[in-house]
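Put chain Y on the given structure of chain W with help from the hints.
What follows is the residue order along each chain.
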Amino acid sequence: MSREDVLVTAQWAEENLETPGVVFVEVDEDASAYDTGHIPGAVKVDWRQDLQDPVRRDFVDRAGFEKLLSARGIGNDDTVVLYGGNNNWFAAYAYWYFKLYGHESVKLLDGGRKKWELDGRPLSADPVSRPETTYSAKEQDLSLRAFRDEAVAAINTKNLVDVRSPDEFSGKLSAPAHLPQEQAQVKGHIPSAINVPWSKAANEDGTFKSNDELRELYQEAGLDEGKATVAYCRIGERSSHTWFALHELLGYEDVKNYDGSWTEYGSLVGVPVEIGA
Amino acid sequence: MADSCGAPEQGAALPANVDAGKEIVLNGKVTSGGEPVGGAFVRLLDSTGEFTAEVVSSAAGDFRFFAAPGEWTVRALHRNGNGEAKVNADGPGLHEVAVAVG
Numbered sequence: 001m002s003r004e005d006v007l008v009t010a011q012w013a014e015e016n017l018e019t020p021g022v023v024f025v026e027v028d029e030d031a032s033a034y035d036t037g038h039i040p041g042a043v044k045v046d047w048r049q050d051l052q053d054p055v056r057r058d059f060v061d062r063a064g065f066e067k068l069l070s071a072r073g074i075g076n077d078d079t080v081v082l083y084g085g086n087n088n089w090f091a092a093y094a095y096w097y098f099k100l101y102g103h104e105s106v107k108l109l110d111g112g113r114k115k116w117e118l119d120g121r122p123l124s125a126d127p128v129s130r131p132e133t134t135y136s137a138k139e140q141d142l143s144l145r146a147f148r149d150e151a152v153a154a155i156n157t158k159n160l161v162d163v164r165s166p167d168e169f170s171g172k173l174s175a176p177a178h179l180p181q182e183q184a185q186v187k188g189h190i191p192s193a194i195n196v197p198w199s200k201a202a203n204e205d206g207t208f209k210s211n212d213e214l215r216e217l218y219q220e221a222g223l224d225e226g227k228a229t230v231a232y233c234r235i236g237e238r239s240s241h242t243w244f245a246l247h248e249l250l251g252y253e254d255v256k257n258y259d260g261s262w263t264e265y266g267s268l269v270g271v272p273v274e275i276g277a
Numbered sequence: 001m002a003d004s005c006g007a008p009e010q011g012a013a014l015p016a017n018v019d020a021g022k023e024i025v026l027n028g029k030v031t032s033g034g035e036p037v038g039g040a041f042v043r044l045l046d047s048t049g050e051f052t053a054e055v056v057s058s059a060a061g062d063f064r065f066f067a068a069p070g071e072w073t074v075r076a077l078h079r080n081g082n083g084e085a086k087v088n089a090d091g092p093g094l095h096e097v098a099v100a101v102g
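Chains W and Y supply the protein sequences, listed in that same order.
When we follow full-length UniProt numbering, the leftmost residue of the first sequence carries the number 1, and every step to the right adds one.
When we follow full-length UniProt numbering, the leftmost residue of the second sequence carries the number 1, and every step to the right adds one.
Since the hints were derived computationally from the structure, they do not count as laboratory data.
Careful: at least some of the hints might be erroneous.
According to the in silico footprint, chain Y covers these stretches of chain W (three or more CB under 8 Å from chain Y) [what the hints assert, rightly or not]:
| # | stretch |
| --- | --- |
| 1 | 83-90 |
| 2 | 118-126 |
| 3 | 166-172 |
| 4 | 190-204 |
Below, a list of computed lysine-lysine pairs in the DSS-like style, where the Cα atoms sit at most 25 Å apart [what the hints assert, rightly or not]:
| # | chain 1 | residue 1 | chain 2 | residue 2 |
| --- | --- | --- | --- | --- |
| 5 | W | K44 | W | K172 |
| 6 | Y | K22 | W | K200 |
| 7 | W | K200 | W | K227 |
| 8 | Y | K86 | Y | K22 |
| 9 | W | K227 | W | K158 |
| 10 | W | K158 | W | K200 |
| 11 | W | K172 | Y | K22 |
| 12 | W | K187 | W | K172 |
| 13 | W | K67 | W | K138 |
| 14 | Y | K22 | W | K187 |
| 15 | W | K227 | Y | K86 |
| 16 | W | K44 | W | K67 |
In silico negatives: residues of chain W with every beta carbon more than 12 Å from chain Y [unchecked claim]:
| # | residue |
| --- | --- |
| 17 | S2 |
| 18 | T36 |
| 19 | S129 |
| 20 | R130 |
| 21 | F147 |
Note that the structure is a prediction, hence the values are computed from the model and not measured.
For each residue, glycine too, the CB sits at the ideal point set by N, CA and C.
Extracted from the complex, chain W is given alone in its bound form (with noise of 0.2 Å):
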């Protein structure tokens, strides 16, 4: 797989608004950004309201992700671009969704909204509304997903990769920097985890490094090509970023992510945690 199979320039994107079968999708965790201005033509997804299961902790499940892309006028042979707010945490989330379920043909579209804003690109308030279809997902791909049992069996037998920020793999802050602190679960990271914030794998705008520069940074903090990795965050959507460099961009092969990650981690009784760099 090439970078170009999985990853679309804005540029690109701006050429193809009109091709017949790429659907563009606008993935956010907050939708209101979609209503004032997105990309013509494209379709919304609420991270929230669409993809997460509205009782139990967990995201839709088959049937469910049927009836959204249905909704959407998605179909099985769209090629669908995905892109979103957040540098494309969600849309990278959305991504791992579409992979789980066995859609073929998925791009992200490299440096998402912010990308798309600094160039000064045209957005569209007007709504947007695609034919209905009939879509069909396959059983979720559970090779590219871990559990908490395989989170603890992880520890120092594969790559953790921990791409939350340092402070909160230290155990100084438990949420990103942008938002109020208090929370139940305790402070601290998985041990033998490596930590390599999902930062380091953007440019400034968003957009990913080259794959060399990828490269060289998880080989830099310690990643053994040779194991299976398992990549964590605080609610899985920053590490759905971090497995999208490790197995879109740098083709590792077994690598999952842990979307439990720390707020369930953080939770457990009787796991082992550690603090500190």
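This is chain Y only, laid out in the frame that chain W set:
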């Protein structure tokens, strides 16, 4: 907000659940030629220049971070230009910072 990693709405008034007596709050405004700049990408960098967090400024140019004690750089990116400012947050409370872009 409790299990959210996204950007909360930015504004000058502190949310009711934030205790400025306990938390270090960096509060500020992005301006250009004295006018507020909304929609700027505001990045919080630590004392080594490492990225820590990012929010988008409100229509009134407002932004806010919750930080640990230390020296911080606030860097704003906008299609009309970039800018940055330093702030020293030595303890809990509100720390004001203004960033001009352009």
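Consistency of the hints with the structure:
no. : hint            : in the structure
1   : 83-90           : holds (count 5)
2   : 118-126         : holds (count 3)
3   : 166-172         : holds (count 3)
4   : 190-204         : holds (count 4)
5   : W:K44 / W:K172  : violated (36 Å)
6   : Y:K22 / W:K200  : violated (30 Å)
7   : W:K200 / W:K227 : holds (21 Å)
8   : Y:K86 / Y:K22   : holds (22 Å)
9   : W:K227 / W:K158 : holds (6 Å)
10  : W:K158 / W:K200 : holds (21 Å)
11  : W:K172 / Y:K22  : holds (14 Å)
12  : W:K187 / W:K172 : holds (7 Å)
13  : W:K67 / W:K138  : holds (13 Å)
14  : Y:K22 / W:K187  : holds (17 Å)
15  : W:K227 / Y:K86  : violated (41 Å)
16  : W:K44 / W:K67   : holds (14 Å)
17  : S2              : holds (28 Å)
18  : T36             : violated (9 Å)
19  : S129            : holds (25 Å)
20  : R130            : holds (25 Å)
21  : F147            : holds (17 Å)
Of the numbered hints stated above, those contradicted by the structure are hints 5, 6, 15 and 18, listed in ascending order.
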